[in-house]
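A.B. asks: Sequence lines, in order, name chains A and B. Note that our numbering has the first sequence beginning at 1, numbered continuously upward. Note that our numbering has the second sequence beginning at 1001, numbered continuously upward.
You may find that some hints are simply not true.
What the hints assert, rightly or not - So the derived list for chain A, only partly shown, Cβ under 7 Å to chain B, looks like this:
id	residue
1	D40
2	G43
3	K149
4	P240
5	G241
6	E259
No lab work stands behind these hints: they were computed from the structure. Just so you know, even glycine gets a beta-carbon here, dropped at the ideal spot from N, CA and C.
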Amino acid sequence: MNKKWTTRAWIFAFLAPTILVFLLFNLVPIITVFVTGFTDWNGFSAPVWAGLDNYINLVSYDDTFLISLRNLGLWSLIAGTVHVGFGVLVAFILYKRPFGWRLVRGVFMIPNVISVAAWAIMYKFIFNDDIGVINNFMRDIGFSNWHVKWFYESPAAFIAVTLTWLFYSVIVTLIVLNELMAIPKEVHEAALLDGANEWQVTRFINLPLVRNAIGTGVILSITARIAMFEEVALTSRGGPGNDTYNIPLMLYNGIVNSEYGYANAAGTVMILLGVIVMLGVNRLFRMNEKIY
Amino acid sequence: MKRSFRTLMLLSLALMLVLTACSSGGNGKNEGGNKPDKENTGASDGKGASKDKVTIKIPHYKSGSNVGAKFFLPQVERFNKKYEGQYELIIEEIPQDDYNAKIKLLAQQKKLPALIEGGEKTFLEDVVIKDELFYDLKPWLDSKPEVKKLMIEDNVAYNTKGDKIFSMPLITMRPIGLYYNKEVFEKAGVTKPISQMTFAEFNEALEQIKSSGVAPLTLMTSENAWTSMLLATAFMANEPGGADVLKSTEYTYDYTAPAWINTFTQLQKWFQNYTTDNAIGAAYADAANNFLNERTAIIANGPWMVGDFSDTTKSAEGLEKKIGASIYPGGIAIATLNEYSWWIPKGLSEGETQAALAFLEFMAQPEEQEAYMVAEGGTAPNLQTSAEFESKLNPILAELNSSTKNDLKNTVQAMSSIFPNQIADPEFGKFLPTLINGDMTPEQFAQELTRKAKQFQK
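So here's chain B without its partners, still in its complex pose (with noise of 0.2 Å):
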């Protein structure tokens, strides 16, 4: 009897691997590293692309209500009415704090999208590059002297590895200033533009606005604490040694440094003195909110914000005629090109990738650019743009080019831009009460950012 229960055992467990083999079955070998998946991208067989619609669906961040797509998406279209019965791109709307780990995701399950725009710099240089899961740009690249000569040189550079291009280097950059209250500034007597001040003396105008009975600065320590983190980072790029480490193209890992521990100790005050009782625990739509409803005087963003001044639904109505733009004070402006942009994963079908190489060219084209510039601002050093793109332009944008056309003294990245992941998010912003409300001193906020960003230092 025990010996016929055992057998039994023995079929079943037999009966048990076999099912688990076969499960795991179909996991070939991709030599590309990148399975092309029909229901991921929705293409159509390659082979046959100079006859058949090749529709490649991608992931992306820049629909729904965020910001980007308000340019993006208009974009697609225009790219699928051009390519009509040739190529159609479809946008698979995910938010932006999801996008780097559905890219890491998609790249574990072999499964890559035609086409992602960037993606965690860890991720893409200790994987996608090293392992070389990309398609190389360069010979595609060298075939399209007109798209080439438009590319900013030292992004040119930064996606070169090796003798290949990783992704498609940028042809506009957009500084990142900062957007004041003018009718605020006026009542509490500032007059001296930001990009033409010391931080001595913008404090003192945060000061002045203080009295004047309005909150000055918008700041937030929710998310990346992205527009504390922009001030934070002007003002070191003005401390000795600042510029230089906010200049460097790889990730730092110690912040104790006296650029370091003045800027947390300024931004202490700043959280303290400077700003609203809900920064604490804002996240950037709670940011944004008060410098849009004027409850704020001066907020740090990027000129992709300048279409929420006009738009009543988020904004006090006529608020875009009371906005000025500027760079930082000191004359700095925060921009890096040292960034990846579009790339194309390797081993796709010719189909997808030719049509993932048209859309590259397609937002390269002088007008695409130029309407991006009008959308969303941005300088494009080696384009020629139009006779009529000046007056196009958003007055607000137009006031933010022409504070770094007369005022900029240096350009550097964002701070966040240098720390790696865990600190740019969630870290950095995960410490800042601690620092606000005094249970640490910027020094033990240097130290404990340190030891959090050095514990998965390669």
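Next comes chain A alone, as it looks inside the complex (with noise of 0.2 Å):
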């Protein structure tokens, strides 16, 4: 036994598990998924073959679909540069460790540990017309007539369903913190050395060799953006109308309508958009590409 063929059996076996696990737990319901997406399936009897009637139902039914993925589109163009934008932000002024870094790194972090929903009911009573603070505080500043319905008129569910997550940026502060304290110093001191100064430095320096970090960043926000259901379901719930509707509503109506199929062409539509974030996001930041 070689030495190559050693290092690829340890590899092997310290990968088998998550392999294992990935089968099990994703692999298997994937499939089940999209094989279901074709199917009419109430969730109890067997499902029958439907060929693309679900897709077509999904897709063509009403405007719901496209606007869909028009709110899609904005939340992923905002989560893409304000939301990763603010957490990359972050991440480099915690990077000079300026006084009290540490404390503002787990602030930040505290609205990761609290569950999602329990955020939605917390911006349910923050966009309150009668009690929330937003409101109030217009009010209080001179405009007596404010009265905005938040969740419950356009343009402002959208605006306020985008504000319960798009401060919360810490997943990507930390990815990109941890990136830049593993730039090497020699790296840093070079360029000090040239004359580089503190902006040169963070522009020229430090922004390209994060890339692959705010890659990261964006990928799992705009994956975030696809999947988010709380935020919505329990907030504007869609509305008014079907104005802040997205494809996890469309799923959750398939099965709140015993329409399992319909809900699964709804899920492997979420799954190959989220391919095609991650290998567009891939391609973009050129993140197969060596940096050092």
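Each chain sits in its own coordinate frame; assemble them with the hints.
C.D. replies: Right, here's the structure in full:
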């Protein structure tokens, strides 16, 4: 047994549990979702082959799918720019280790340890017309007739739903901060010896070197928008009308109506969108290329 | 080397397949469609039921702070006391909104509890009844003539599926009316009883109440828009052809008829002119809070709300003395006899089935039915109530009974009973803000609801 073979065997041995778990808990359900998406299935009786009916129903029944796609597009754009940008900004600030940086890092983490459902309910109060801080603040500063029904008016509902997640980007911060801390000291020393100032080090060294981490953040952030359920279901419920509808709500709608084939067609679309996002961002950020 | 690597890969794959196969073991077929699960139901072995105590554990929403818990939990206690050492019923608390979903989930896992109250109509009819996953109550009811004679015939007929009886037929029906603040009415100069008004007169009364400085109606859009939906139901029952639609035993998928459009138009006006600022987005708790704290004058709701009027943790002090009860303008009461009640899944052990039947029989006893009506209102047409019954009755419920007795012209089902699930909750409430804000006309609202309803129509 040569060294190469031994190394491969060890790699495989360490990967085996993960592969096993992936097969059991991810791949099998994914295949089930994909296959049953082509069936008429109420979750109890045997699925009956229905061809593309569920997909046709999903995409063309009314304008819900188009609205959901439009919302996803906008949310993805906001997530990939503002949400990730904010996380990266915080990471770069924390990297400088200003006074209290550890506290800020800890506090920034708090929203992530509170369930999304709890946040959604809190935001219903925050945006409440009678007792919510937003509307009361606006009335206190002089807009006495300010009565925005945040989750029940257009376009306020879209803005309100967006604000429930927009600034909670600690995962992006942690990934980028970790990558920043891994930059070899020599790189910075060489740049400083060459006369680079702080801005130039940040712009031309640090930022390009954390490209992969930012790309990972973008992938995580956009795929979270594809799967975003509680933030919508527990606040605007996709309304008013269909204004804040998204694909997970369409999936949920299928389940509630015992249309598991339809729900799984929606699930398949979500998986495909996730894969497209992964491949696209991978390419955009050239994540397969070596940085060092 | 490559060959050895491939061998290792194949061995690993084989191991995974073996583990996968093992993980799916134990899903044996179950004849009755329900697998008695001791962990879930807490049931003891039914074979020795005559000697061993049988414990059944069921999830139910009439627990915790739910309005129904006030009567139901003590009733369970009374049952447990009566059958001490033989049967025990344990209630697992679950929010009302999650109950139907939980039952569906347990059905999929073949772990249905021994007793279930109702459930989502489509699921019950398309799965439970169609696949006969229920315990047929007919032979048992035939052996209990003293119970059977109390039942409301229309509900027995509704529950009869072929030669079987699916769920325990109702003995008591509870007409849903409305409550109003007498003090506010007096101040506004509204004297005519609501049940004797037409809706035109009712709208005039709303205007008078509004002029007196109180928001007349308690409306809401969240959840299933309950209080708004009830008022809309009563209005529609007065429209030509409306009552017939509301009496249907099937779901209605088209809301574009004039009766619907007129109802939506009226609903829009009520929201725009006669309710509180927080009605858009208000859930039941917000709506009830508005009425209980005298910010509104009228709330449409069932008799189960009566207890809240004297509960000072919820209501203004002394509110119960100011509250009047009535059926709706035009002499309309809302009640449904087309509903499913308690049922038992097929495939339980003998001990569990007997325990479940014992609870159904316990609830059907005249004294329990009477206690139920005293606590939550209602009428039992085939039950001879005791001499003290009337005196035990809450005065507000007595007023509702009197209004029903004197002015009832028609009884219809709530609109939500003929809406398919996705319309009842969430689509009706979700589209209401667009109607109220004027983003949709009543016609567009009707068309949108119709489109949503038809999406999953079988």
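A.B. asks: Hints broken by the structure, by number, lowest first?
C.D. replies: 1
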